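Protein chains: 2
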Amino acid sequence: MSAGAVHPSPESDLPGFGDVVAALGRLSPRLVRTPVASAPGFDALCDRRVYLKCENLQHGGAFKYRGALNALLLRPACASHQPVATHSSGNHGTALALAARALGLHCHVVIPQDASAAKLAALQAAGASVRRCAPGLAAREAALADWLAESPAHLVHPFDDARVIAGQGTAALELLCERPDLDVVAVPVGGGGLLGGTALAARGAKPGCRVVGVEPALADDTWRSFASGRREGVAGSPATIADGLRGSIGARNFELLLRHVDEVLVVSERSIVAAMRLVLEHFRMLVEPSSAVPIAALLEGRLGRPGERVGVVVSGGNVDLAGCPFLAGERLAATAPAPGGARAATGRGA
Amino acid sequence: MSAGAVHPSPESDLPGFGDVVAALGRLSPRLVRTPVASAPGFDALCDRRVYLKCENLQHGGAFKYRGALNALLLRPACASHQPVATHSSGNHGTALALAARALGLHCHVVIPQDASAAKLAALQAAGASVRRCAPGLAAREAALADWLAESPAHLVHPFDDARVIAGQGTAALELLCERPDLDVVAVPVGGGGLLGGTALAARGAKPGCRVVGVEPALADDTWRSFASGRREGVAGSPATIADGLRGSIGARNFELLLRHVDEVLVVSERSIVAAMRLVLEHFRMLVEPSSAVPIAALLEGRLGRPGERVGVVVSGGNVDLAGCPFLAGERLAATAPAPGGARAATGRGA
Numbered sequence: 002m003s004a005g006a007v008h009p010s011p012e013s014d015l016p017g018f019g020d021v022v023a024a025l026g027r028l029s030p031r032l033v034r035t036p037v038a039s040a041p042g043f044d045a046l047c048d049r050r051v052y053l054k055c056e057n058l059q060h061g062g063a064f065k066y067r068g069a070l071n072a073l074l075l076r077p078a079c080a081s082h083q084p085v086a087t088h089s090s091g092n093h094g095t096a097l098a099l100a101a102r103a104l105g106l107h108c109h110v111v112i113p114q115d116a117s118a119a120k121l122a123a124l125q126a127a128g129a130s131v132r133r134c135a136p137g138l139a140a141r142e143a144a145l146a147d148w149l150a151e152s153p154a155h156l157v158h159p160f161d162d163a164r165v166i167a168g169q170g171t172a173a174l175e176l177l178c179e180r181p182d183l184d185v186v187a188v189p190v191g192g193g194g195l196l197g198g199t200a201l202a203a204r205g206a207k208p209g210c211r212v213v214g215v216e217p218a219l220a221d222d223t224w225r226s227f228a229s230g231r232r233e234g235v236a237g238s239p240a241t242i243a244d245g246l247r248g249s250i251g252a253r254n255f256e257l258l259l260r261h262v263d264e265v266l267v268v269s270e271r272s273i274v275a276a277m278r279l280v281l282e283h284f285r286m287l288v289e290p291s292s293a294v295p296i297a298a299l300l301e302g303r304l305g306r307p308g309e310r311v312g313v314v315v316s317g318g319n320v321d322l323a324g325c326p327f328l329a330g331e332r333l334a335a336t337a338p339a340p341g342g343a344r345a346a347t348g349r350g351a
Numbered sequence: 002m003s004a005g006a007v008h009p010s011p012e013s014d015l016p017g018f019g020d021v022v023a024a025l026g027r028l029s030p031r032l033v034r035t036p037v038a039s040a041p042g043f044d045a046l047c048d049r050r051v052y053l054k055c056e057n058l059q060h061g062g063a064f065k066y067r068g069a070l071n072a073l074l075l076r077p078a079c080a081s082h083q084p085v086a087t088h089s090s091g092n093h094g095t096a097l098a099l100a101a102r103a104l105g106l107h108c109h110v111v112i113p114q115d116a117s118a119a120k121l122a123a124l125q126a127a128g129a130s131v132r133r134c135a136p137g138l139a140a141r142e143a144a145l146a147d148w149l150a151e152s153p154a155h156l157v158h159p160f161d162d163a164r165v166i167a168g169q170g171t172a173a174l175e176l177l178c179e180r181p182d183l184d185v186v187a188v189p190v191g192g193g194g195l196l197g198g199t200a201l202a203a204r205g206a207k208p209g210c211r212v213v214g215v216e217p218a219l220a221d222d223t224w225r226s227f228a229s230g231r232r233e234g235v236a237g238s239p240a241t242i243a244d245g246l247r248g249s250i251g252a253r254n255f256e257l258l259l260r261h262v263d264e265v266l267v268v269s270e271r272s273i274v275a276a277m278r279l280v281l282e283h284f285r286m287l288v289e290p291s292s293a294v295p296i297a298a299l300l301e302g303r304l305g306r307p308g309e310r311v312g313v314v315v316s317g318g319n320v321d322l323a324g325c326p327f328l329a330g331e332r333l334a335a336t337a338p339a340p341g342g343a344r345a346a347t348g349r350g351a
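Taken in order, these protein sequences are the chains called A and B. Read in order, the letters of the first sequence are residues 2 to 351 in the numbering used here. Read in order, the letters of the second sequence are residues 2 to 351 in the numbering used here.
These aren't lab readings, by the way, just hints derived from the structure by calculation. Predicted model, so just to flag it, every value in this text is computed and none were measured. One or more of the hints may lead you astray.
Copies of the same chain are indistinguishable here, so a pair counts whether it falls within one copy or spans any two.
Computed list of lysine to any residue pairs in SDA-like fashion (alpha-carbon distance at most 25 Å, straight line) [to be verified]:
no.: 1; residue 1: Lys-207; residue 2: Val-33
no.: 2; residue 1: Lys-207; residue 2: Gly-26
no.: 3; residue 1: Lys-207; residue 2: Arg-34
no.: 4; residue 1: Lys-207; residue 2: Asp-44
Isolated chain A, as found in the complex (with noise of 0.2 Å):
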């Protein structure tokens, strides 16, 4: 299989606001309900008033399911009861082989050599078959089409996919719904699936609201190609420890936004791994460093004005512990469960 057929033309299917309140109905009953957290201290710390909307909890441990799970309820009848396959770096391949499973089918996934081993473990878990593939974009659309070639499936892109871009959508439309009065909302950006839905809905449900798409510094094909008006890719796999980020705008994203989004921003990896320290702090949620993107710009005064209500789609929360930065291992190892050491009284009081 071609790039090509993995990216047809987005013109003929770029998604629209209706999309995604369809998408929010079809979905809804299937999801968790994720919080909108605050945290008073962390709006002093950053002069705004912060919500975050709680994707790392969602099923799968990111927003990633619910793009994956409305192109599964919108599959043709003719891929009824075909297998589903996908290349992701992680989170969406995990989404899909969950959304198969719900719905019974089998799921193929392509995950490159460089993923997090937190994400291959979830994948694995949630019943996927796995093939590995060199990093960077193109050898993961290579290693897919091979399997395609060998087993035919539906194939549910990570991110160039109208389904996908109008489910991730309903994350924002839900976060608007809860708190109409936002001044701006906020993602980061990688394929731009959840760029793509989010300023669908922001636009759709309120007009005024800023969207701002954020991405680390290493990996900055959006804020060239928003700059330049021409999408522009990364090349290879970006070192960034964002790995949910790593790869280059879809074609369907790109277009959304240059039509819809307000603002594109960079940061360096120092305030990356910053800002999940402060979550965690603040929050008590350990986000994976893709979801501390946005709120990196945000703890250095860039994303909102001071005072603003600012929304932030936390975009998931699979992180490898060994391999965080501030949790130590030596520490961690020792605190395995003892088996036997509690007591119970199970008669009613005399």
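Use these hints to put chain B onto chain A, whose structure you have.
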């Protein structure tokens, strides 16, 4: 004020299931609708299906906001403009201060010197007037009585108050509405407000669901009370890491314990820490030691039976990062945000 004034005869106003239902209607619009989290890998580890009601994501980072707000919404007309007051190991105080602030009231809180630093900081950030006292219930009650004598206020006891107990029960009621198939619901026990409210909710909403309280072996007053049928206390302030569970069960909650609770378990300090670590790994949430107490019993295979569906109310997330047994202080300190590390592209692409 004598201890008798804080603990009037419990028989006079034990709450019932109807009070929990009414509280949920009253509180719902003002609460975070906290999610129920599950993780397949954690289920495999426990050999049970585990559902965590994430009250660590509630306002103030703990379930305590439910009971505190319910008490204030039900305060008598004569106290409608009076300050409110309590003693607390931290979470109830913060919850009461936040609820008071939402209603335009001042709040006075006595907190013991062995309270967690995170909880003291949260209490102060919530706008409470704070006085420190020696550890232990007797010192807390004495300090509060002195303060009330100087400055009259409406007392909201942290656990021995029918309005508070009914409010705390709303967490389990939400959990059972979302997961009506639970075989067991378990909560940590300190003063027993959460256990009392949970028992009412479970008996009313699903009579077949067993109710289990779990406490640290170092503060096993409820275990002893349940076994003997007489309300027993702890001496002083036990040295458990579970700082929210150092108190003794209240009179009303002891009555509810004997009537409605199926089992009380105790767990070791080592198991509590191991449980915190595993919750972080599988759910990416940092829960406070008190919350990890029932999860420790689960990991030891003592809570519920293999294959059963077990719900746990995760009581709170207010943990001191610096004092956490598995977070490394020196590496945390090295990750301050780097201002000015961001770039922005704010023009739309040409």
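Here is how each hint holds up against the structure:
| no. | hint | result |
| --- | --- | --- |
| 1 | Lys-207 <-> Val-33 | both (23 Å within a copy, 22 Å between copies) |
| 2 | Lys-207 <-> Gly-26 | within (19 Å within a copy, 29 Å between copies) |
| 3 | Lys-207 <-> Arg-34 | both (21 Å within a copy, 23 Å between copies) |
| 4 | Lys-207 <-> Asp-44 | within (23 Å within a copy, 40 Å between copies) |
Checked against the numbered hints above, the structure violates none of them.
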